[in-house]
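Trainee: Hints given; two lone chains; assemble the complex.
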Amino acid sequence: MQNNVNITNFRQDFAIIANWVKFGSKVLDLGCGDGELLQYLRGSLEIKGYGVEKDDANVLACIRNGSNVIQMDLEDGLSGFEDQSFNTVILSQTLQAMHHTEAIVLDMLRVGQEVIVTFPNFGYWRNRIQITLGQMPVSKTLPYQWFDTPNVHLCTIHDFDTFCKNHNIDILERKVITDGKEINFIPNLLGCLAMYRLKAK
Amino acid sequence: MSENNSVGIVAPQTAHFSEPLTLKSGQVLPQYDLVYETYGTLNADKSNAVLICHALSGNHHVAGKHSENDKYPGWWDNLIGPGKPLDTDKFFVIGLNNLGGCHGSSGPASINPANGRQWGSTFPILTVEDWVTSQARLLDRLGITQLAAVIGGSLGGMQALQWTIAYADRVRHALIIASAPNLTAQNMAFNEVARQAIITDPEFHGGDYYEHGVVPRRGLRIARMLGHITYLSDDVMGEKFGRKVKDTIKYSFDVEFEMESYLRYQGDKFAGTFDANTYLRMTRALDYYDPALAFNGDLSKALAKAKAQFLVLSFTSDWRFSPARSREIVKALLDNESTVSYAEVTAAHGHDAFLMPDKHYHAILRSYLSNIQIGSDHAE
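Sequence order for the protein chains is A and B. When we follow numbering that gives the first Met the number 0, the leftmost residue of the first sequence carries the number 0, and every step to the right adds one. When we follow numbering that gives the first Met the number 0, the leftmost residue of the second sequence carries the number 0, and every step to the right adds one.
Just chain B, same shape as in the assembly (with noise of 0.2 Å):
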């Protein structure tokens, strides 16, 4: 099926940015890249661009292929695509790396152009706010001057929550999925050891450990293991491993269990690809994302500003941005009488829910995006 309608193989492109970006931390980016897919065809009246928001570890490569034999598409494969939930057919679709990210993007890793040498430590901490202003930027460049819809999931569901609030006018639609309007302490709490792990990890150097010719690989693999369980739910993690031991019992801290040696291969896989600095600035973005604290904690008031119409979504089993926390973004959206619809999707999968096919959340999904007008037919 996914074979049939996906939007085939595709390239990313990178777009320069040499006017300079001032930060929500003051801090100024002199210039800055950022890499970014598109699928489908921007229509005519440029009245069908949908923004994909990425979470924690995505990126710009949302749907597709980079060649023949990619073992593995885009992210979100699943909802995007010729005759799928995101219609590229209808739509126009665009997947960007944040600022920050380890994917093309300016990041970490990057030169500075001012010194020749990687960021490093010195690239500055990007907050959701400055990832927002930089995709209005490129959306200028791409002579977009209004979203059909935003969507995200997660830390992308944060974006586009912000994309309403900083850009009320330039969003028709926004799709917030599996996400929060801040951090729970307990969530602050989780960020801090999978950070702490990667800080302490002897070849951190401060975070300039690309000078030194080695990565944090220890550090970066348990922030993701923990991560990783996180966005499990338990019984998820019962019903695919439960407490099978892998062969015999050894009486020993080597793999001892099926669930053992998933964590470790999961964590491998990540700290082999993805990057340390990359990883902190991420959930650092996730821990200072809070709209409602310029207004004395009242996130309605924050959302007073919002022209967009609102779907909602959240996953039963998930406990790492539980359906209380979409309540909370619901009840401000209420309280402004914003236009809003708000469902609550039984799954079993955790937070992950989010990314998986699931038959009700994609028809949930596909109904909302197919009523979303273009075109002419565009002027609500």
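Chain A on its own, in the form it takes in the complex (with noise of 0.2 Å):
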């Protein structure tokens, strides 16, 4: 649970998230937490939002700060979900620790126009660095010691280039950030957190 905490603390893809959401569109957030995110931009932005979340604390907190909360597990898949019925469905730093993950993302890109996702980048310096001597990264994205890490499907950035060029999605827009900072020059190396915005081809 400490863990939780040091996540939910580091969202600095909160704002670009709200830049690539819509004013008073619909949005779906998977693995919503307590719904910080929601709150965030259904403030800012007005939107009809829906969160999706698997444990009863996070369920109850969303319920308490008047989110609108769906408890089911990811990993079952969107099947309660209508083709095309969100304007945007978020993924934010989840990615790495679902099972099913070429599973969610397409369920994503049916169930939203554009879907966004954001995943700690396991080829940012600092983890290459940490693995060079000899140990598994632990960072303010990656903050869990190896045996109670939620994450099993770590990737970079160039990984997922690859899958989206693989299963056919379209990257509408990339940016990757270390520390609130836009990376442009070798983001793959220099990036501590990659988000996409997607759109199914």
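Please keep in mind that the hints were generated in silico from the structure rather than gathered at the bench. Hints should not be assumed to be uniformly reliable.
Claimed, not checked - Straight-line C-alpha distance at most 25 Å; calculated PhoX-like pairs for lysine-lysine:
hint	chain 1	residue 1	chain 2	residue 2
1	B	Lys358	A	Lys53
2	A	Lys25	B	Lys300
3	B	Lys245	B	Lys268
4	B	Lys306	A	Lys25
5	B	Lys304	B	Lys23
6	B	Lys306	A	Lys47
7	B	Lys300	A	Lys47
8	A	Lys47	B	Lys304
Values in this document were obtained by computation on a predicted structure and should not be read as measured data.
Mentor: Structure follows, in structure tokens:
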């Protein structure tokens, strides 16, 4: 639980996500946690938002702060949601913890007209150094020890680009950030957090 | 704890309605009584009313006690009272006994004013829709134009759902707990077995047993035993009784296992207090409810008119009204872009979990209900 707090406090991606979400649109936030992003988007963009969350405490927190939340396990897919029924479907810093990574991304593209995926870039130089030194990376975006991490499918920006290409996914926009700053120069090395705006081709 | 924040001693009231009620079946109930209880105080602009809809064997007595010596409080006392999730310092809570019931509202055992005899078999079969209509009339009588919330579990959840369809403007929030948009074939099969147990009891007399001075006790007892099994989970029964033997095995059909003793006790207790004709009608109302029927089975279309904000709750071990059935409601609400939250509460108690004071379950209700605005703030 301690680690969740770290993740929540590190949400430099919110502002960029808000830039990618249209005013008054309908948003599905997968793995919405305590509904913080939904609250942010509701306040700034008057979106109609729903969160999906598995954890009891987070569901309760969402209900407490007035966020619409649907309790379910993302690993079971998004069968309760109609094709193209949301303007934007968001998976923020959860992709790496999914078992059915491929399935969820494809299901998101089915449900959403646009999809936002963000994840910690495993190719970030600090991660690479730690690997070179012979240990699993622990950082702000990857705040877990190897034995207690929920992350099962870590990837690099390069990996995700390839994934999109192979799955016929249109990358509408990609932003890479480190400590809140956008990184344009060799992003796979210097970027800490990867953010993608996607669409089915 | 519950003693300190009880609504205290309460007394039921009776509202008599002389204007006829045309039922979904086409039959007309010329006049009727509704028995109800209220807890808390209706505020000045009448914006804090919450209606509790009861399940199959429930009634109007939702909270508090009828006397100091009352052994049991109302059936949802763990939820309703000052400082409880349904806080009576904030809300004006109404519980009523549905028409066809056997706790004071007009039902089969009541006197038919047309002939001065008990209705018996001639009391009409009511539907969820009819109940909601009669409930709306009670609210008219109380001067309440809009409910802050309507809440129900199981069959009560169906009524809450129906409220949002039939009186979309009169409901701000609907809490639908351990319920379903209609019964599955398996559910209906259980109901049919329960009814056949009653109807084939030699003392049923076609439903006019009152005139014969008898009650179909055996049938009602079996019906309740069957029902009881379906309300619990296998885990709870296993934990509670397992295969524990009552005494020593006698190789007989007497009570050999503790579970049998429990079921017989529950069946006997129920058969001594509940009316068989009411049980038949309540299970029938469950069977008939299907708001999607008029829309070719499309629940989303059935709920398109609903304006309420929803909280849908289910319990993981509930196999009579499984989480999947609640998710059907959630899906239809999502299709309509309704405001809805859904929580699937991990609970061992099966269908009956909705009556239990589970900590997480009550925390969800408390959080949701505390966000409901009343008074001058409620213009949402």
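Trainee: Now tell me, hint by hint, if it's right for this structure.
Mentor: Right, here's what the structure says about each hint:
At roughly 18 Å between alpha-carbon atoms, Lys358 (chain B) and Lys53 (chain A) fall within 25 Å of each other, so this suggested pair holds. For a cut-off of 25 Å, the pair hint linking Lys25 (chain A) to Lys300 (chain B) stands: about 20 Å separates their Cα positions. About 20 Å separates the Cα atoms of Lys245 (chain B) and Lys268 (chain B), which keeps this hinted pair within 25 Å; it holds. Proximity of Lys306 (chain B) to Lys25 (chain A) is assessed by CA-CA distance (about 18 Å); at most 25 Å being required, the pair is judged to hold.
Proposed proximity of Lys304 (chain B) and Lys23 (chain B) is supported: the alpha carbons are some 20 Å apart, at most 25 Å. For the hint pairing Lys306 (chain B) with Lys47 (chain A), the CA-to-CA distance comes to about 15 Å; that is within 25 Å, so the pair holds. At roughly 20 Å between alpha-carbon atoms, Lys300 (chain B) and Lys47 (chain A) fall within 25 Å of each other, so this suggested pair holds. The straight-line distance between the Cα atoms of Lys47 (chain A) and Lys304 (chain B) is roughly 18 Å, inside the 25 Å bound, and the hint therefore holds.
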